[in-house]
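Listed below are the residues making up each chain.
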Amino acid sequence: MSNLHQFEVVVVGAGGAGLMAGLYASRTAKTAVISKLYPTRSHTGAAQGGVGAALGNLEEDHPEWHTFDTVKGSDYLGDQDAIEFMCEEAVPAIYELEHMGLPFDRTPDGKISQRPFGGHTNNVTGKPVRRACHAADRTGHMILQTLYQQCLKNNVTFYDEFQVLDLIMSNGKAAGVIAVELATGELHTFHAKAVIIATGGHGRIWEITSNAYAYTGDGPAITLRHGLPLEDMEFFQFHPTGIYKLGILITEGVRGEGGVLLNGKGERFMERYAPKVKDLASRDVISRAMYMEMAEGRGINGQNYLYLDVRPETVNKYAALDGRTNPDGSPYRVTGEQILAKLPDIVDFCRVYLGVDPVTQPMPVQPTAHYTMGGIPTNKFGEALADEKGTVVPGLYAAGEVACVSVHGANRLGTNSLLDLVVFGKYAGLRAAEYAKGADFPPLPADAGDYIQEHLSRLRSGTGKENAFDIAREMKKVMFDHVGIFRVEAGMQQALQKIRELQERYKHVSVTDTGKIFNTELISAWELGNLLDLAEVITVCCLNRTESRGGHARDDYPKRDDVNWLKHTMIWKRNGQLQIGYKPVTITKYQPKERTY
Amino acid sequence: MEITLKVFRYNPEKDAKWHYETYVIEGQPTDRVLDLLEYVKGYIDGTLSFRRSCAHGVCGSDAMRINGRNRLACKALVRDVGTKITVEPLIGLKVIKDLIVDMEPFFDNYKKILPFLINETPPPADGKERYQSPEDRAIFDDTTKCILCACCTTSCPSFWANDDYVGPAAIVNAHRFIFDSRDEAANERLKVLNSMFGVYRCHTIFNCTEACPREIQVTKAIGEVKMAILRGKIK
Ligand SMILES: Cc1cc2nc3c(=O)[nH]c(=O)nc-3n(C[C@H](O)[C@H](O)[C@H](O)COP(=O)(O)OP(=O)(O)OC[C@H]3O[C@@H](n4cnc5c(N)ncnc54)[C@H](O)[C@@H]3O)c2cc1C
Ligand code: FES
Numbered sequence: 001m002s003n004l005h006q007f008e009v010v011v012v013g014a015g016g017a018g019l020m021a022g023l024y025a026s027r028t029a030k031t032a033v034i035s036k037l038y039p040t041r042s043h044t045g046a047a048q049g050g051v052g053a054a055l056g057n058l059e060e061d062h063p064e065w066h067t068f069d070t071v072k073g074s075d076y077l078g079d080q081d082a083i084e085f086m087c088e089e090a091v092p093a094i095y096e097l098e099h100m101g102l103p104f105d106r107t108p109d110g111k112i113s114q115r116p117f118g119g120h121t122n123n124v125t126g127k128p129v130r131r132a133c134h135a136a137d138r139t140g141h142m143i144l145q146t147l148y149q150q151c152l153k154n155n156v157t158f159y160d161e162f163q164v165l166d167l168i169m170s171n172g173k174a175a176g177v178i179a180v181e182l183a184t185g186e187l188h189t190f191h192a193k194a195v196i197i198a199t200g201g202h203g204r205i206w207e208i209t210s211n212a213y214a215y216t217g218d219g220p221a222i223t224l225r226h227g228l229p230l231e232d233m234e235f236f237q238f239h240p241t242g243i244y245k246l247g248i249l250i251t252e253g254v255r256g257e258g259g260v261l262l263n264g265k266g267e268r269f270m271e272r273y274a275p276k277v278k279d280l281a282s283r284d285v286i287s288r289a290m291y292m293e294m295a296e297g298r299g300i301n302g303q304n305y306l307y308l309d310v311r312p313e314t315v316n317k318y319a320a321l322d323g324r325t326n327p328d329g330s331p332y333r334v335t336g337e338q339i340l341a342k343l344p345d346i347v348d349f350c351r352v353y354l355g356v357d358p359v360t361q362p363m364p365v366q367p368t369a370h371y372t373m374g375g376i377p378t379n380k381f382g383e384a385l386a387d388e389k390g391t392v393v394p395g396l397y398a399a400g401e402v403a404c405v406s407v408h409g410a411n412r413l414g415t416n417s418l419l420d421l422v423v424f425g426k427y428a429g430l431r432a433a434e435y436a437k438g439a440d441f442p443p444l445p446a447d448a449g450d451y452i453q454e455h456l457s458r459l460r461s462g463t464g465k466e467n468a469f470d471i472a473r474e475m476k477k478v479m480f481d482h483v484g485i486f487r488v489e490a491g492m493q494q495a496l497q498k499i500r501e502l503q504e505r506y507k508h509v510s511v512t513d514t515g516k517i518f519n520t521e522l523i524s525a526w527e528l529g530n531l532l533d534l535a536e537v538i539t540v541c542c543l544n545r546t547e548s549r550g551g552h553a554r555d556d557y558p559k560r561d562d563v564n565w566l567k568h569t570m571i572w573k574r575n576g577q578l579q580i581g582y583k584p585v586t587i588t589k590y591q592p593k594e595r596t597y
Numbered sequence: 001m002e003i004t005l006k007v008f009r010y011n012p013e014k015d016a017k018w019h020y021e022t023y024v025i026e027g028q029p030t031d032r033v034l035d036l037l038e039y040v041k042g043y044i045d046g047t048l049s050f051r052r053s054c055a056h057g058v059c060g061s062d063a064m065r066i067n068g069r070n071r072l073a074c075k076a077l078v079r080d081v082g083t084k085i086t087v088e089p090l091i092g093l094k095v096i097k098d099l100i101v102d103m104e105p106f107f108d109n110y111k112k113i114l115p116f117l118i119n120e121t122p123p124p125a126d127g128k129e130r131y132q133s134p135e136d137r138a139i140f141d142d143t144t145k146c147i148l149c150a151c152c153t154t155s156c157p158s159f160w161a162n163d164d165y166v167g168p169a170a171i172v173n174a175h176r177f178i179f180d181s182r183d184e185a186a187n188e189r190l191k192v193l194n195s196m197f198g199v200y201r202c203h204t205i206f207n208c209t210e211a212c213p214r215e216i217q218v219t220k221a222i223g224e225v226k227m228a229i230l231r232g233k234i235k
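Going down the list, the sequences are from chains A and B.
Taking our numbering, the leading residue of the first sequence gets 1, the next gets one more, and so forth.
Taking our numbering, the leading residue of the second sequence gets 1, the next gets one more, and so forth.
Heads up, some of the hints might be wrong.
Quick list of in silico lysine-lysine cross-link-like pairs, DSSO-like style, CA-CA up to 30 Å [to be verified]: (1) A:Lys153 to B:Lys226; (2) B:Lys94 to A:Lys516; (3) B:Lys112 to B:Lys94.
Sample of chain A residues facing chain B (criterion: CB under 8 Å; computed from the structure) [to be verified]: (4) Thr40; (5) Glu98; (6) Met100.
Far from chain B by the CB rule (all over 12 Å, computed), these chain A residues [as the list claims (entries may be wrong)]: (7) Val124; (8) Ser330; (9) Pro394.
Treat the hints as calculated values from the structure; they're not laboratory data.
C-beta: ideal position from N, C-alpha, C; glycine also.
Please model the complete structure; the sequences and the hints are all you need to start from.
Written out as structure tokens, the structure is:
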């Protein structure tokens, strides 16, 4: 085997989760972090609004409240032991980030500043609570930078612009990965005792998305091919406020600062759907309300978009109506300069991409495909699971958006993903290093690189009668139209048929670039195969779950059905066939209740 | 509308020398240059190579020269750059293929300025945050925005002349730590920047400030670092 490397722990991905895992694993084990992008290009850098922790810096708050809000936000599908663990670990995790140098915004007395976010409440009054710790509207950028800087400080070994194409399994244990060095086209074998997958999400399956080009689901597509399960793949979050047509995210922080959603009649419609917290209800509730407004003809000029309005006069009007106050009890009021200071990137995006100035004009928005709740099943230590009974796959770990712990259940609360990365990234790193210390290198199977070699040569030698871009476009459209915010049997059946047809057509794609150096055409074609495989899995899971819960909303089964569906979906691909099983939800303190905001 | 896209092409495995290729395509005023490049790659020539990820100006992948000016392709709209568009790789870094340049020297310069918080004083005993006033936080706010895209550094004639010069991006990142009230290693960084490859290579040409897609006041930050060196200390 040429280009053979040996590390005790290999981390795949250098976003928030991968960097945290790398930082912790490298303290005791020989570790490499492999990433298809330069670490600082990872999608964590796009996160805007904040990271949640009940620090209570501006008002009373408790990890138990954060736990309850997360359970409720998950539409009771989250595992309560893991949620409690995350919300308690949140507090020390944020302080750790601060000690690492993260430049959080500050309160007047110098503490970490916090803002309200959707679904995060004072559990006594039911009113929004300030829990999202933020650095302007580039909190993710600051987390990514800070963690990368700490990795440099601690001499973590990186393989930048190396793309992992396959996992190596040896007698049921993880034994390493195969990666292509993009600059040379050479394949490298990384022999390892433990592999941590931290490759992020797969929002590129949908037409309108806030997600980066790199969000192609490489991690879960690879583990699926190895016969390992995926969990809760029907749950994908559509964020209420993407820039119309482009999908670029406008953070919920805009509504946290007092912005409101308005329909074509100028009504603040969220009053009708969530009387208590209104525009700060959880995302699934708002996206669905927006869909209803547009379906009933109340979009702006009857079109498929609504307004998000953060003009000071609007904010001040509704803040007065809501009786919103500052921490010192004075009425809440904002000026244009304050909006600009708190949301500089949002203002910039709107100016650049829309030619709209949000300080003086409302922003046209529509729901955008945003976040992968499902993924590689793990326990709360990041150990990947082989089945519904919780059996661990020796040596395999997952953390971040790619993993399904599950702390987000059917719907993730804003600020809980960045939190998930730092908490579970850390534990996956610690566990993997600990495991590696007590384990030998599993033998490398002789055929380790064969599958991927074959797959790549197939992509190079297809008949060429199909165009990869057309296939991608058609996939995105059918998934957005039929496996999006609202779902019905017939539409999803049609989508499934279409996806399977596209999978067939994909076999005829031929890559024209015959070179080795930065063959981005070949890599994109490989990524498209991952997206198609996951689109199929998602659609099958959506058809299977005959209820509405969190991000999975069906017109034909509009109610949550706890009797039959209070359980996680597990899906495997065995002998080319998808098979579904179930795993119970862990309920500790909070019995499922009807969800109102 | 019809758009004429002229693109620098170089494939080291095939071409002895670089050349330009011109594509005439249909587009909208609201299209990003990145969308046009994607279109060419998808339907005209799959071998065209460039980096990209976030597509909205926050990851720093797709810095390139667009009509002679360093920009992010995902943040340059047709309505801003016109319908005759020339796209070339950044200057001062080796071209690997088409619009992809070797970023290693750029990141090496970044690493030279110790880009991480150094504070040997133990954090508060209660485990909570170190305090910092909003005023102290504001001093270095601008330079925390850097996405390491290299637009500034590769627009700088001093960097073109000598790539040992650490360049504006590295100084911006040094500024971010030097002026952070929690950091204790300002003097070490100033030593690096006071060397022959440090701040004095900057001749205040302002290309960097104009090039920054994050609108960081790069020249101002460099000026503040120069002042700090002159005064021998920060506060
Ligand atoms: C616009 C936007 C705003 C958001 N705002 C918030 C917010 O305010 N608060 C919040 O909590 N969450 C927010 N989120 C969600 C959150 O940012 C993401 O869920 C999270 O950052 C994902 O982190 P990660 O470490 O799992 O993945 P990423 O940061 O995406 O990292 C994935 C890594 O995997 C690597 N990789 C992928 N495939 C391969 C492969 N095949 N081989 C090698 N490497 C590979 C990539 O190079 C990258 O380094 C937001 C998301 C978006 C898109
Ligand atoms: S693609 Fe991320 S900055 Fe342009």
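Results of checking the hints against the structure:
no.: 1; hint: A:Lys153 to B:Lys226; result: holds, 25 Å
no.: 2; hint: B:Lys94 to A:Lys516; result: holds, 18 Å
no.: 3; hint: B:Lys112 to B:Lys94; result: holds, 20 Å
no.: 4; hint: Thr40; result: holds, 5 Å
no.: 5; hint: Glu98; result: holds, 4 Å
no.: 6; hint: Met100; result: holds, 6 Å
no.: 7; hint: Val124; result: holds, 24 Å
no.: 8; hint: Ser330; result: holds, 18 Å
no.: 9; hint: Pro394; result: holds, 33 Å
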